[in-house]
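*Asks:* Here the structure of chain L is known, so what remains is to put chain A in place on it, guided by the hints.
These protein sequence lines map, in sequence, to chains L and A.
Mapping the first sequence onto the working numbering, position 196 (from 1) lands on 196, and the numbers just tick up by one.
Mapping the second sequence onto the working numbering, position 214 (from 1) lands on 1214, and the numbers just tick up by one.
Simulated from the structure, these hints should not be mistaken for lab results.
Where hints are given, some of them may not hold.
[Claimed, not checked] List time: in silico BS3-like cross-link candidates among lysine-lysine, alpha-carbon distance up to 27 Å:
| # | chain 1 | residue 1 | chain 2 | residue 2 |
| --- | --- | --- | --- | --- |
| 1 | A | Lys1353 | A | Lys1307 |
| 2 | L | Lys313 | A | Lys1040 |
| 3 | L | Lys279 | A | Lys1072 |
| 4 | A | Lys1422 | A | Lys1056 |
| 5 | L | Lys111 | L | Lys76 |
| 6 | L | Lys313 | A | Lys1044 |
| 7 | A | Lys1169 | A | Lys1186 |
| 8 | A | Lys1040 | L | Lys381 |
| 9 | A | Lys1547 | A | Lys1518 |
| 10 | A | Lys1518 | A | Lys1448 |
| 11 | L | Lys50 | L | Lys362 |
| 12 | L | Lys385 | A | Lys1040 |
| 13 | A | Lys1072 | L | Lys3 |
| 14 | L | Lys3 | A | Lys1100 |
| 15 | L | Lys57 | A | Lys1034 |
| 16 | L | Lys385 | A | Lys1422 |
| 17 | A | Lys1518 | A | Lys1307 |
| 18 | L | Lys279 | A | Lys1034 |
| 19 | A | Lys1448 | L | Lys358 |
| 20 | L | Lys441 | L | Lys50 |
| 21 | A | Lys1518 | L | Lys385 |
[As the list claims (entries may be wrong)] A short, non-exhaustive set of chain A residues, derived as facing chain L with CB atoms under 10 Å:
| # | residue |
| --- | --- |
| 22 | Leu1066 |
| 23 | Gly1071 |
| 24 | Ile1085 |
| 25 | Glu1089 |
| 26 | His1200 |
| 27 | Val1394 |
| 28 | Arg1463 |
[As the list claims (entries may be wrong)] Chain A stretches covered by chain L per the calculated footprint, using a threshold of three residues with CB under 8 Å from any CB of chain L:
| # | region |
| --- | --- |
| 29 | 1096-1109 |
| 30 | 1208-1218 |
| 31 | 1278-1289 |
| 32 | 1398-1410 |
The structure presented is a predicted model; accordingly, all values stated were derived computationally and were not measured.
Where a beta carbon is used, it is the ideal one built from N, C-alpha and C, also for glycine.
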Amino acid sequence: MVKISVLQHDPSVHLPARPGDPTPTTRNLDPLMHPFARARERNRALNAAKMDRLFAKPFVGALEGHIDAIEVLSKKPGSLSTVASGSWDGGVILHNVSERKHIRRIQGAHKGKVSGLCFAQDDRLLSCGVDSNIKLWDATPQDDPIEQRPLSVYPGKSPFNSIDHHRSDPLFATASNIVQIWDETKSAAISDLTFPTSTETITSVRFNMSETSVLGSIGSDRTFTLYDIRTGKAERRVIMQMRSNALAWSPTFPTTILLASEDHNLYTFDVRQLNTPTKIYKAHVAAVMSCDWSPTGLEFVSGGWDRTVRIWKEGQGTGPEVYHTKRMQRVSSSIFTADARFVLSGSDDGNVRIWKAKASEKLGIITARERAAIEYRESLKDRWKHDNEVGKIQRKRHLPKPVYQAAKLKRTMLDSRAVKEERRRKHTRAGESKPAAERKKVVIAEQT
Amino acid sequence: MDPLLVKADVVKHTSLPKSLRPTSPPPENVPKHKHIKDLKLRTKLNRQAIHAARSKALVEDADLLLTGDAGKMQVENEMERTWRIGQDEIVQGAGQEATKGRRELKLDGGPYRSIYSRNGRHLAIVGTMGHVATFDWQTGTMHAELQLQETCRDITFLQDQSFFAVAQKKYVFIYDRDGVELHRLKSHIEPTRLEFLPYHWLLASVGNTGFLKYQDTSTGNIVAEHRTKLGACHTLAQNKHNAVLHLGHSNGVVTLWTPNLPHPAVQLLAHLGPVVGMSVDPSSGGRYMATSGQDGVVKVWDCRNWKGAVREWTTRGGGAELEWSAKGALSVAVGGSVNVYTKPSIQTPHPAKAPPPLYLTHPIPHRPLTSVRFCPFQDILTIGHNAGLSSILVPGVGEPNFDSTEADPFENKKARREREVKGLLDKIQPDMITLNPDFIGSLAPQTKLTTAVNDTHDIPFARLPRLERLRVQGKADDTEAVDDDDDGGEGDGDKSGKTQSRAEKEKRKMRGKGKSVKRYLRKQRKNVIDPTAVAIRAKLEKHREEKRVARAVEKGQMEPHKPSALDRFRRP
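One chain only, chain L, in its complex shape (with noise of 0.2 Å):
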């Protein structure tokens, strides 16, 4: 006898149940069942780099009001969507960036450019100008938002570049041709701090945000400075080859600070080695103005003189994402928002603009469904980015004309310079040691 059996399929097993349902569906995992798999998926990564750059228009809004250049920006601490913005027309505009509405407009707050602006405790706001007053202001919303009066005026001897809070205590400090420490409640500086040897003119200050009693300044005498409220001086001092137009502490790691620097470049620092930085981030190809954290400290952002805002990965040096308009100009401030998806860029041609972090991330409610698709395509793009076609789709971008070849006279100055080094290097003495790595380039001195 044999035993006979036929392959049969149950209906019942593979049709559904009642009308209505879904259908049943089954898997097979053997590689035979999917034949150029790897073909497949890498056609999918592509579709998926592809997809990537066809919808990224990463371009929300304009928040309009300032009739001159913006200066400064200011987020809100613990807010979402409060941000302040001052303006070489002396202005000061708190907005709502999710509705797009002022919460209110201080017009002629000072005389001429306001220089700084912070947000002290319990929705007052800090606005430091060059004429040598910082006023306090009330930012609760009102129903007249043309509303003039400062709640209290801290009237200084020298123009004032920059203004910062301190986290909790109700101090804060300012960048004048000194570093002074205030006290909201009273109206004269309450110490001042300065190197021994400092004649600079201190272009920017901001207090540590972990170690609340330490703050760091850059200066137009190419230095960054670190101080201890607590001992009221100046602990270090960096010279730098260039100057630094702006710093930014690392919101998560305590002992980094970024700054923007005027050779293009930005720079990370660990304030525990000054002596060189830990990472150089080049891209911008004119001298790089502000520069802020994105909450998560994965991330930062920056504006330049190119007319271009960059979103920087830490700890990766080149190939940011790039951001431009036909009509943005020479970008003076940029921020982060405090969810980490959106950032905000302040111009000459007096406009805030709100961009997404992410280019083509999409906006709005996402099913399940869908988040797992986009999560899909995320891992394919990771998985395939070694791959010529693949790679090249992710990493061009296009850039506006100028920049675009600012950039390439840039690398071929710099290449020229690099071989012209090196054929000295190779006819002089100086060919026997090792040429200095560019990091070690950076700091010029170092000064306790």
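*Replies:* Okay, now just chain A, sitting in the frame of chain L:
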């Protein structure tokens, strides 16, 4: 706040929740990447390796969840033979649903050819006199029936049952499911055989003109036209795993074609006389090919290595139609019967030219038998012959577990539409068809070209390409990239277990005079006709002869050739 507390808090909020963490212990024998100095990179690679090992184990586990039972036919003692069992007995032994597979379609206008759709649900048949029909054979619903009133030579479904192409007297025509003529493909002249490559959306045809034409059915463009230069062609088969087309010609040559090569990728002399039937084994990833010739011989070839046939035997009654099933059973329809052979014996080398042990046989009195088709995901074999079509049950040849993302016999209208769109999005470009489909995503071999002259560069370091810079700095990774997928195939290369570096391999490589020529000739096997190989072989033979003569003269065994006036008449 206490820094330790802060840290614990961060860990709590950034790690995966317990329900999402893998429950199985981390796999063993995962490469540790100790040679990589960069800590970040090493951690990343380790994590990837663990993930890969874990998913591999999960895939193995998933095999246990497959529910379908393959059919089988088992004898109890050695004296019994499965081939003695007739169809009546099998039908009796099969369940009620399965008996539907045994059918006899009596039709005029034969002989008939047939093809199943990829999910095995639909059948298209064509008779030489122009009778075309497509139907769902399980429910018995007819989609279209046409009387084309002219010679029809072949039929194929396109991506699914909604379109089919017929090779008619002069051109190829495409019809939709209801039998409405959609396209007349005028560039395919006098077609004899059709094949559709589903993942590339290519319709390929060969004809009496000897041209192989690829047409993209999603865009309508002709992708490639290859002149075979071997006359009218009546045999065409596709390798489902690399989309290479196999053509059998009337002089016994079999050629393998891809759209991106203007000449055959492989050419071999398979038979004395015309090639009649051909099929590629889908169960082994396209490793074996079976051919049959008018000379009555059936041969099984190993596609990795064309050094003669693995197995060959003679059949009675001339040219045989062949088809491999998904489980690797080979059906041979010749003379007045269909024979089915099963897997291990047809693929093992056998010196004698004896047929392999028979699994099943079925006599069909209506000669000629013009097509054999296995139904996907069923134990059914459909034979086209002069009086219509016969379907027989062959237990154990069908794949029991289908995958809904690839082909689903039970799919509904919505799923079919969805799959069509997905298939279009995943369409592979025709120029990616190669003999080895796994080259995609694998590392390109490092180029050995260098700008260095005697290991010194004239170009400044700053202008060197990246790889050269790394080489100058001694940082280039010269170790061989070992892919754990192909260690099975290349394991015989070095048994020592240590992977040699490229430099070491280069050093130990055997050096000898004319090595490259010998290697070239070794690759060009004897049964592959290639004029350059033939010429080189002749030249080598001549050299050898001259050497032999010179040696003999030296030893005094032969008189040295004296120049004479008659030399001018000697053939070169």
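*Asks:* Take the hints in turn and mark each one as holding or not.
*Replies:* Hints, verified against the model:
1. Using a Cα cut-off of 27 Å, the hinted pair Lys1353(A) and Lys1307(A) holds, with the two alpha carbons roughly 16 Å apart.
2. Only pairs whose Cα atoms come within 27 Å are accepted, and Lys313(L) paired with Lys1040(A) is accepted, the gap being roughly 15 Å.
3. Using a Cα cut-off of 27 Å, the hinted pair Lys279(L) and Lys1072(A) is violated, with the two alpha carbons roughly 66 Å apart.
4. For the hint linking Lys1422(A) to Lys1056(A), the alpha-carbon distance of about 25 Å falls within 27 Å, and the restraint holds.
5. Between Lys111(L) and Lys76(L) the alpha-carbon distance is near 24 Å, which keeps this suggested pair within the 27 Å criterion.
6. Note on Lys313(L) and Lys1044(A): the hinted pairing holds, with a Cα-Cα distance of about 17 Å set against a maximum of 27 Å.
7. Of the supplied pair hints, the one linking Lys1169(A) and Lys1186(A) holds, its CA atoms being roughly 12 Å apart against a limit of 27 Å.
8. Restraint check: the Cα-Cα separation between Lys1040(A) and Lys381(L) comes to about 20 Å, which is no more than 27 Å; the hinted pair holds.
9. At most 27 Å may separate the alpha-carbon atoms for a hinted pair to count; Lys1547(A) and Lys1518(A) meet this at roughly 17 Å.
10. Taken as a hint, the Lys1518(A) and Lys1448(A) pair is honoured in the structure, with Cα atoms around 22 Å apart against an allowance of 27 Å.
11. Using a Cα cut-off of 27 Å, the hinted pair Lys50(L) and Lys362(L) holds, with the two alpha carbons roughly 15 Å apart.
12. About 18 Å separates the Cα atoms of Lys385(L) and Lys1040(A), which keeps this hinted pair within 27 Å; it holds.
13. The suggested pairing of Lys1072(A) with Lys3(L) holds, with an alpha-carbon distance near 8 Å, which does not exceed 27 Å.
14. Between Lys3(L) and Lys1100(A) the alpha-carbon distance is near 19 Å, which keeps this suggested pair within the 27 Å criterion.
15. Among the hinted pairs, Lys57(L) with Lys1034(A) is inconsistent with the structure: their alpha-carbon atoms are about 43 Å apart, more than 27 Å.
16. Proposed proximity of Lys385(L) and Lys1422(A) is supported: the alpha carbons are some 22 Å apart, at most 27 Å.
17. Proposed proximity of Lys1518(A) and Lys1307(A) is supported: the alpha carbons are some 16 Å apart, at most 27 Å.
18. Pair hint Lys279(L) plus Lys1034(A) holds up; C-alpha atoms about 25 Å apart against a cutoff of 27 Å.
19. For the suggested pair Lys1448(A) and Lys358(L), the alpha carbons sit about 40 Å apart, so the restraint of at most 27 Å is broken.
20. Taken as a hint, the Lys441(L) and Lys50(L) pair is broken in the structure, with Cα atoms around 40 Å apart against an allowance of 27 Å.
21. The hinted pair formed by Lys1518(A) and Lys385(L) fails the criterion: a straight-line CA distance of about 40 Å is larger than 27 Å.
22. At a threshold of 10 Å, the smallest CB-CB gap from Leu1066(A) to chain L is about 6 Å, leaving the interface hint in force.
23. Annotation: Gly1071(A) was flagged as interfacial toward chain L, and the flag holds, the nearest CB pair being 4 Å apart, inside 10 Å.
24. Taking 10 Å as the C-beta cut-off, the interface hint given for Ile1085(A) holds, the closest approach to chain L being about 6 Å.
25. For Glu1089(A), the interface hint holds, the least distance from its beta-carbon to any beta-carbon of chain L being 7 Å, beneath 10 Å.
26. Hint on His1200(A) holds. Least Cβ distance to chain L is approximately 9 Å, under the 10 Å limit.
27. Checking Val1394(A) against chain L by beta carbon gives a least distance of about 9 Å; that is within 10 Å, so the hint holds.
28. The closest approach between the C-beta of Arg1463(A) and any C-beta of chain L is roughly 6 Å, which is under the 10 Å cut-off, so the hint is satisfied.
29. Using a Cβ-Cβ cut-off of 8 Å, 3 residues of the region 1096-1109 of chain A lie near chain L, which meets the minimum of three, so the contact claim holds.
30. A stretch counts as covered by a chain when three or more of its residues have a beta carbon under 8 Å from one of that chain; for the region 1208-1218 of chain A and chain L the count is 0, and the coverage is violated.
31. A count of 3 residues in the region 1278-1289 of chain A with a Cβ less than 8 Å from any Cβ of chain L is obtained; the coverage claim is therefore met, three being the minimum.
32. Coverage of the region 1398-1410 of chain A by chain L holds [criterion: at least 3 residues with CB-CB distance below 8 Å; count 12].
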